[in-house]
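Kindly generate the complete structure, drawing on both the sequences and the hints.
Just so you know, the protein sequences line up as chains A, B and C, in that order.
Under the working numbering, the first residue of the first sequence carries the number 1, and numbering increases by one thereafter.
Under the working numbering, the first residue of the second sequence carries the number 1, and numbering increases by one thereafter.
Under the working numbering, the first residue of the third sequence carries the number 1, and numbering increases by one thereafter.
Source of the hints: derived by calculation from the structure; they are not laboratory data.
Where hints are given, some of them may not hold.
[Stated by the list, open to error] Here are the simulated distance ranges between beta carbons:
| hint | chain 1 | residue 1 | chain 2 | residue 2 | range |
| --- | --- | --- | --- | --- | --- |
| 1 | A | Lys88 | C | Phe276 | 32 to 38 Å |
| 2 | B | Arg119 | C | Gln206 | 50 to 56 Å |
| 3 | A | Tyr156 | B | Glu208 | 48 to 54 Å |
| 4 | C | Gln206 | B | Ser63 | 40 to 46 Å |
[Stated by the list, open to error] Per the computed footprint, the stretches of chain B lying under chain A, defined by three or more beta-carbons under 8 Å from a beta-carbon of chain A, are:
| hint | region |
| --- | --- |
| 5 | 80–88 |
| 6 | 99–107 |
[What the hints assert, rightly or not] Pairs of lysine-lysine residues, derived as DSSO-like cross-links and limited to a Cα-Cα distance of at most 30 Å, are as follows:
| hint | chain 1 | residue 1 | chain 2 | residue 2 |
| --- | --- | --- | --- | --- |
| 7 | B | Lys83 | B | Lys71 |
| 8 | A | Lys155 | B | Lys93 |
| 9 | B | Lys71 | B | Lys61 |
| 10 | B | Lys93 | B | Lys83 |
| 11 | B | Lys65 | B | Lys93 |
| 12 | B | Lys61 | A | Lys155 |
| 13 | A | Lys155 | B | Lys71 |
| 14 | B | Lys65 | B | Lys83 |
| 15 | C | Lys183 | C | Lys6 |
| 16 | C | Lys154 | C | Lys6 |
| 17 | B | Lys83 | A | Lys155 |
| 18 | A | Lys155 | B | Lys65 |
| 19 | B | Lys83 | B | Lys61 |
| 20 | B | Lys65 | A | Lys88 |
| 21 | B | Lys61 | B | Lys93 |
| 22 | A | Lys88 | A | Lys155 |
The beta-carbon is built from N, C-alpha and C at its ideal position, and this holds for glycine as well.
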Amino acid sequence: MNFTQQLVNGIVLGHAYALIAIGWTVLLGVARLVNFGHGQMYMLGAFVTWYGVSRLGLPYFVAIPVAMLVGVAVGYVMQRVMLQLTLKQDLVSIMIVTLGFGYVLHGAAALFFGSTGQILETPFSTKDIYWGDLWFTYQDIAIVIVAILFFAVLKYVIDRTRIGRLARMVAEDPQLAQLAGVNVRRVYLGVFAFEGAAVALAAALVAPRTPILTSMGFDEVIITFVVVVLGGIGSVTGSYVAGLALGLFTAFFGAFVSPAYATAAAFAVLIAVLVVRPGGLAVSPGGR
Amino acid sequence: MNTRPVLEATNLRVAYGGNIALDVPRIAVRERELVGVVGANGAGKSTLVNGLLGWSRGSPKVSGKVMLDGKDMSRLPPHERVKAGLLLIPEGKLVFTQMSVEENLAASVNAPHDGQGRRHYSIDDVYTLFPRLYERRHHLGSQLSGGERQMLGIARALRLGPRALLLDEPSIGLAPRLVSTVLETVRSLVDSGLTVLLVEQNVRAAIEVVDRLVLLERGRIIAEGPASEMRDDPRIAEAYLGAHVA
Amino acid sequence: MNSGIKTVLFAALAVIGFFVPTLLGGSGAVYAACVLIAIFAVMSYGLDIVVSDLGEVSLAHTVFFAVGAYTTALLSVSAGLGPVLSLAGAILMVLLVAAALGFVTLQLREFVFSLVTYAVAVVAATIAQNWDFLGGSDGLRGIPAFELSWLGFKARNDQELWPVAYLLLLVAIYLVSAFRRSKLGQAAMMVHLNQRLAVTSGVDPQRIRLQVFLVSAPITASAGWLYAYQRAYISADVLETYFLILMLTAVVVMGRRLLLGPLLGVALIQIQEKFFSFGGYVDKIILGSVLILTLAFLPNGLFGVVAPLRNLFIRRATPVGKTIPERS
Ligand SMILES: Nc1ncnc2c1ncn2[C@@H]1O[C@H](COP(=O)(O)OP(=O)(O)OP(=O)(O)O)[C@@H](O)[C@H]1O
Ligand SMILES: [Mg+2]
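Right, here's the structure in full:
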């Protein structure tokens, strides 16, 4: 296969991965929380967008915010239920609860949307661009642009605004943040709502690339995990770079070795890194 | 003189598990007063100031009534009490180490300007008060010395518009010369209109600056009175020794 | 309670337990449910000591379950080995896998540890679906009936398999209770409750974790071993999240560190799914919700709700003047 074509695929895939991981990056950086339901929230975002576009006849640009709103609601409800666990920093229970939420979301989505595969078609995904012997779609361009914008805005908000500062305070020391007058509960709820919106946006943009199934979501969790850990847990810039690197790796591995094992291979790379440098992936509070 | 205290707590009781760590029928701080709380290690000094805010790093059970300017604070979560002007500079970790001095001092919340007797310190005010912080404004909290951290802790509290300030051992771990500097700063803040409850193990230094002294032992107030009278109290000498035995 | 009385009580309970399917009518469906409950309970007991005692969330236990099942399938179908040798093979295999996983995750803590174990489970599912050696998406078929010819024992159906399942269950429960009384079990608890204290008193948390893993994995794998015989075929669906959620729910729903907790938890879930099912998807929602609600709102599980009532009885029976130790 053509090297340049794989490069293009890798870049698109990389931005898609970074976009999928961003909600979790913030979640980890700000709240020290993990969300094993992330993949199922991605699935839900994809299906809500699909439902809006192909069943309700909404324009794609309307279906996206709708999906994001549903994501916000799901994230909010999740965190509302877990709030006591979060305040106690009971990570063990939180992990299991989010896993349970993912499972419930899967059941609910299958019940509502059915278990057959669907194609999410958007005005961009069907328009191809041929450039020399390179091929991509307008959807691919949209993914890259939105990912770059999203990361830039997020980095600005976290580093330079009051909201970002509050989040970083809670990340470093929730008790001390209370003494600075910060409503810690609200920050936790907000962060989870953001996670919901971010993953829904990612799904609305990335899911048109492949058929969607209510049973999907596991690969997305693994990808997110690899991106977040390799990028330096909680680091926004790191996640972007790691996402891009992982996208390129997956594209070339898929093209030259085996597409079925691409995720497994990415994971193997991560394991290797973790074994060699378990402490090297420092947590950077506040999601810098 | 205004009869109603700025800060008043009644039947304040704090328990860790089944252990009652604090049982105080009444404690009050009047307008522009500097009240010192002394006692041996584990006497319950931190438990007292934390309890006034309903705040803790552990998970104690707090009961009792806390009033700030006659307003009941008891039902409010700690961050609401902070917004109402009740500010605590805790023992131990008191600055955000991953943030610069400047960011530590940037307003975290918009404290309402309505409260009576609340002075809102601007960023320039606190830099004037602590020139050292201005010099270090771009340093991270983790790069500060112990004394600088105490200054930053106090400065951050001042930025939030205090009505009453609760200070937990600001002199801990400081060189003797710095101890009196910090305490004198606190005194000058009180002279300029602040109301302060100060926890201090160094009784000799504290008694020089406070108006009144409260002696805690095993979670109870065993003596209290004006600094001038307490100076000659034998129990103070005992506590003072206790602080040095530990 | 006196430990002698306790032993007798447990022995009586163990004997009665064997006749539960008969007492419930002895129909094929009852036996099928009971065998599955026993198998899934054993699977959960393996996870129980990791979650409840060590205090870490391993999400790779479905992999241990699958290793047990696949090894059994391969050994009995391709190599023609009987149940005893296939059990030995399954345990050996899972020890290797658990040791490898333990080695990789030795330095990792908390959520990174859980994430790696979760990823291992997802990747294992991909491999099972795609690797021809493991039958790919078709799985492995034709696993022979459970037969111990030297004993003249052959289990052609669930009723005949029940004694084996029940025995396995008793062994698993015994192992867990022995583990809790052992030095390793107490060290694990210490690491769980206060890592710093554990280190200062000479306990190496990483070694303890590895050891607990090596005790835990064979228990779960032995459930996979029997599951292979019970189903007669094995495919990648043994790696489905269902089993993970089932295990986790069983471990927490009754209350942690209750010896019979996982068994009762699995029994409740299986009874609901087998006899009061609302269809697969609704059952999923129910199971997930039970897990969520237990953890979020019942820190001591269902038993924690019932226990205060029991305390009422005890209190009444306690002579006046005797202090009741506080339940921590
Ligand atoms: N998180 C906690 N859990 C259990 N007990 C606690 C906790 N914090 C404090 N205590 C107990 O409460 C009592 C009072 O502690 P406190 O910290 O208020 O003492 P202190 O007077 O501030 O001592 P020091 O001078 O050492 O700071 C002590 O007996 C202590 O053991
Ligand atoms: Mg103290």
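task = Run the structure past the numbered hints and jot down the numbers of the failing ones, going up.
result = 12, 13, 16 and 18
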